[in-house]
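The chain contents come next:
2 protein chains.
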Amino acid sequence: MTAAKRLGKQTVKFQNPPSILATASIVGKKEGEGPLKHYYDQIIEDGFWGEKTWEKAETKLLRETIMTAVTKADLSIKDIQYILSGDLLNQCIASSYGIRDMGVPFFGLYGACSTMAESLSLASILIDGGFADYVVAATSSHFCSAERQFRFPLEYGGQRPPTSQWTVTGSGAVVLSSKGNGPYITHITTGKIVDLGIKDANNMGAAMAPAAVDTIFTHFEDTGFDPDYYDLIITGDLAYYGKEIAQDMLQRKGCDISKIFTDCGIEIFDKEKQDTHAGGSGCGCSAVVLAGYLYHELTKGNLNKILFVATGALMSPTSSQQGESIPGIAHAVTIQNAME
Amino acid sequence: MTAAKRLGKQTVKFQNPPSILATASIVGKKEGEGPLKHYYDQIIEDGFWGEKTWEKAETKLLRETIMTAVTKADLSIKDIQYILSGDLLNQCIASSYGIRDMGVPFFGLYGACSTMAESLSLASILIDGGFADYVVAATSSHFCSAERQFRFPLEYGGQRPPTSQWTVTGSGAVVLSSKGNGPYITHITTGKIVDLGIKDANNMGAAMAPAAVDTIFTHFEDTGFDPDYYDLIITGDLAYYGKEIAQDMLQRKGCDISKIFTDCGIEIFDKEKQDTHAGGSGCGCSAVVLAGYLYHELTKGNLNKILFVATGALMSPTSSQQGESIPGIAHAVTIQNAME
Numbered sequence: 002m003t004a005a006k007r008l009g010k011q012t013v014k015f016q017n018p019p020s021i022l023a024t025a026s027i028v029g030k031k032e033g034e035g036p037l038k039h040y041y042d043q044i045i046e047d048g049f050w051g052e053k054t055w056e057k058a059e060t061k062l063l064r065e066t067i068m069t070a071v072t073k074a075d076l077s078i079k080d081i082q083y084i085l086s087g088d089l090l091n092q093c094i095a096s097s098y099g100i101r102d103m104g105v106p107f108f109g110l111y112g113a114c115s116t117m118a119e120s121l122s123l124a125s126i127l128i129d130g131g132f133a134d135y136v137v138a139a140t141s142s143h144f145c146s147a148e149r150q151f152r153f154p155l156e157y158g159g160q161r162p163p164t165s166q167w168t169v170t171g172s173g174a175v176v177l178s179s180k181g182n183g184p185y186i187t188h189i190t191t192g193k194i195v196d197l198g199i200k201d202a203n204n205m206g207a208a209m210a211p212a213a214v215d216t217i218f219t220h221f222e223d224t225g226f227d228p229d230y231y232d233l234i235i236t237g238d239l240a241y242y243g244k245e246i247a248q249d250m251l252q253r254k255g256c257d258i259s260k261i262f263t264d265c266g267i268e269i270f271d272k273e274k275q276d277t278h279a280g281g282s283g284c285g286c287s288a289v290v291l292a293g294y295l296y297h298e299l300t301k302g303n304l305n306k307i308l309f310v311a312t313g314a315l316m317s318p319t320s321s322q323q324g325e326s327i328p329g330i331a332h333a334v335t336i337q338n339a340m341e
Numbered sequence: 002m003t004a005a006k007r008l009g010k011q012t013v014k015f016q017n018p019p020s021i022l023a024t025a026s027i028v029g030k031k032e033g034e035g036p037l038k039h040y041y042d043q044i045i046e047d048g049f050w051g052e053k054t055w056e057k058a059e060t061k062l063l064r065e066t067i068m069t070a071v072t073k074a075d076l077s078i079k080d081i082q083y084i085l086s087g088d089l090l091n092q093c094i095a096s097s098y099g100i101r102d103m104g105v106p107f108f109g110l111y112g113a114c115s116t117m118a119e120s121l122s123l124a125s126i127l128i129d130g131g132f133a134d135y136v137v138a139a140t141s142s143h144f145c146s147a148e149r150q151f152r153f154p155l156e157y158g159g160q161r162p163p164t165s166q167w168t169v170t171g172s173g174a175v176v177l178s179s180k181g182n183g184p185y186i187t188h189i190t191t192g193k194i195v196d197l198g199i200k201d202a203n204n205m206g207a208a209m210a211p212a213a214v215d216t217i218f219t220h221f222e223d224t225g226f227d228p229d230y231y232d233l234i235i236t237g238d239l240a241y242y243g244k245e246i247a248q249d250m251l252q253r254k255g256c257d258i259s260k261i262f263t264d265c266g267i268e269i270f271d272k273e274k275q276d277t278h279a280g281g282s283g284c285g286c287s288a289v290v291l292a293g294y295l296y297h298e299l300t301k302g303n304l305n306k307i308l309f310v311a312t313g314a315l316m317s318p319t320s321s322q323q324g325e326s327i328p329g330i331a332h333a334v335t336i337q338n339a340m341e
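Chains as they are written, first to last, in this note's numbering: chain A, 2 to 341; chain B, 2 to 341.
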């Protein structure tokens, strides 16, 4: 029964590829000054966005982004049959409070910064399997809420090592449907957890790179595609250090993706002009790069086939304090203008 | 395309109902002294279970429970195509670290105490839709790790109000398959978030009851079933206060389920002999009641049709400190010995 849909160990090829009907992205001021500034729907000038706390601002970011995406898809929120979302905050409160008043069946996810690919994967499964016609996949992150939760109070002003990444303030949402004219989600390769023992929470790129390598390599094994198949392979937020590690590890396995490989954490900020050290990170990073830049390039035909590989570091401050290493995960999603 | 599978607003009727191949449950000492003690696979005598921290003990609980369930299903972990799991710990570390070494594609979930029903729902979708043949749905909680994360350090010895519930130490896992002879998952009703403004984190039953009511009522609307259809309707962990509220709210809506209605948080502890105030709670509560007691009664034919409704409170300590109310969610899963 399942043979036709499953490819190899970890990949699904959709028989009824879901179409992206619309996307939306709302970002913070710093992101709005970056090289992708023309692709976002809205840039907020102030991290609080009229709210009393950063957590409430992130909640509003997610809510407004979802509503914008639904409106751009010419739908009402009542048309949406499921929302899949998660975020970095403890107990994923940006998602829960953000969608609280929408009245839509909700599957809460936790995939750290892999969440955009996780939510897209499960949303695609709901549509391909005939369980729904309209599904929203979303996520968010916020520099200020993440810093104080995962690292130090902002007021402390701790110094950041060169390998540290800058959590993106932003939310991205994608409306998927059984109808529509593409771009389509045609394949997903669901990641397994990979942990090679990195313990430095200021070097997340290195912690996540082996998971990205595992998923990308498996994707090619499962599908039989060559790297040449894609116009672009873009990882979630390995940023500069992690991207180099991933590229090198793949090269050693005989898989050269260097000509078409970049990372959302690299694309989102200007290395010279914006002081973000190793690059961007956070669930919102890959979400806004996809919902803004990548979706635009796909619809314009400048890109036709991309492999979107959001990567997550599944540790917590508690696990780090207890001496644990950082498990990584990466989920890959093939997005194409053609149905296959 | 989707008409045949979707019933009403929030319900899916499976065309190829997944079968439960096996379940496993491992619990703590207090749970092992409760009325359901004969149904668990293992009772651990010590909350640390040989580990240095409670978080690591919870991680081990989840890992050993999944491995036990897979073994009981006569499978190897390599046969499992997806694991879906989440827990209450910040960043869901019990799940991530628990399955880290299994090498299985992983979808991390966050549904608070609704996680067992959420993971069963998505696992069933994967199987019914033909995306997988063997999927594990799991979750865990631990009294000590939850208390210090959500409330106070245990050493503080804070007094507990009568409405407070006792987080269950335990993990439950279910192996679902496209093969097998039942019991079957035949329907799911995916909940939307409901928040009627309860702010008391020591009265979670009251916060979650409206969500349970919404999902149960919608389930009957969507399916056309009467409450009589079921041998048992069992909510996740409303416990004594929340169960009364839910029953009363449903009665006012003209839906009398009182004759067949109970709650996992009520069943798991002995009200007279075990001092747990309002009853049990935590992701592990509904998970071990399902994987232990309910699965046993289904396979023996003492129960033939049950509606399992795990309920979650989607707040965090941060949202409570910022004055927010507690959003609730409830997901319902129909489990039957017959395929329909």
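No wet-lab data here; the hints were simulated from the structure. Accuracy of the hints is not assured; some may be wrong.
Any copy will do: because identical chains look the same in the list, a pair fits if it lies in one copy or spans two.
[Stated by the list, open to error] Here are the computed lysine-lysine pairs in the PhoX-like style, where the Cα-Cα straight-line distance is at most 20 Å: (1) Lys79 - Lys10; (2) Lys274 - Lys38; (3) Lys200 - Lys53; (4) Lys30 - Lys73; (5) Lys30 - Lys180; (6) Lys31 - Lys180; (7) Lys301 - Lys10; (8) Lys274 - Lys254; (9) Lys272 - Lys301; (10) Lys38 - Lys272; (11) Lys254 - Lys14; (12) Lys79 - Lys301; (13) Lys260 - Lys306; (14) Lys274 - Lys30; (15) Lys30 - Lys53; (16) Lys272 - Lys30; (17) Lys31 - Lys79.
Exercise for the section: With 20 Å as the alpha-carbon cut-off, assign the pair Lys274 and Lys30 to within, between, both or neither. Expected result: Within one copy only: 14 Å inside, 58 Å across.
Exercise for the section: Please work out whether the CA atoms of Lys30 and Lys53 approach to 20 Å or closer within one copy, between two copies, in both situations, or in neither? Expected result: within (18 Å within a copy, 44 Å between copies)
Exercise for the section: Please work out whether the CA atoms of Lys272 and Lys30 approach to 20 Å or closer within one copy, between two copies, in both situations, or in neither? Expected result: within (16 Å within a copy, 55 Å between copies)
Practice task
Using 20 Å as the alpha carbon limit, work out where Lys31 and Lys79 are close: within a copy, between copies, both or neither.
Solution key: Result: close neither inside a copy nor across copies, 34 Å intra and 45 Å inter.
Problem - 20 Å Cα threshold - placement of Lys301 relative to Lys79 - result: Neither way: Lys79 and Lys301 sit 29 Å apart in one copy and 42 Å across, limit 20 Å.
Exercise for the section: If the cutoff is 20 Å on CA atoms, where do Lys274 and Lys254 land: within, between, both or neither? Let me know, please. Expected result: neither (35 Å within a copy, 61 Å between copies)
Handout entry: Copy assignment of Lys301 with Lys10, given that the CA separation must stay at most 20 Å
Key = neither (33 Å within a copy, 36 Å between copies)
Exercise for the section: Give the relationship of Lys200 and Lys53 under a CA distance limit of 20 Å: within one copy only, between copies only, both, or neither. Expected result: between (34 Å within a copy, 18 Å between copies)
Exercise for the section: Indicate which option fits the pair Lys260, Lys306 if close means a Cα-Cα distance not exceeding 20 Å: within, between, both or neither. Expected result: The answer is within: 14 Å in one copy meets 20 Å, while 57 Å across copies does not.
Exercise for the section: State whether the alpha carbon distance between Lys79 and Lys10 is at most 20 Å within one copy, between copies, both, or neither. Expected result: between (37 Å within a copy, 10 Å between copies)
Practice task
Go through the copies and call it for Lys272 and Lys301: within, between, both or neither, with a Cα cutoff of 20 Å.
Solution key: For Lys272 and Lys301, the Cα distance exceeds 20 Å both inside one copy (26 Å) and across copies (65 Å).
Problem - Intra/inter-copy verdict for Lys254 and Lys14 if alpha-carbon distance must be at most 20 Å - result: neither (24 Å within a copy, 45 Å between copies)
Of the numbered hints stated above, those contradicted by the structure are hints 4, 5, 6, 7, 8, 9, 11, 12 and 17, listed in ascending order.
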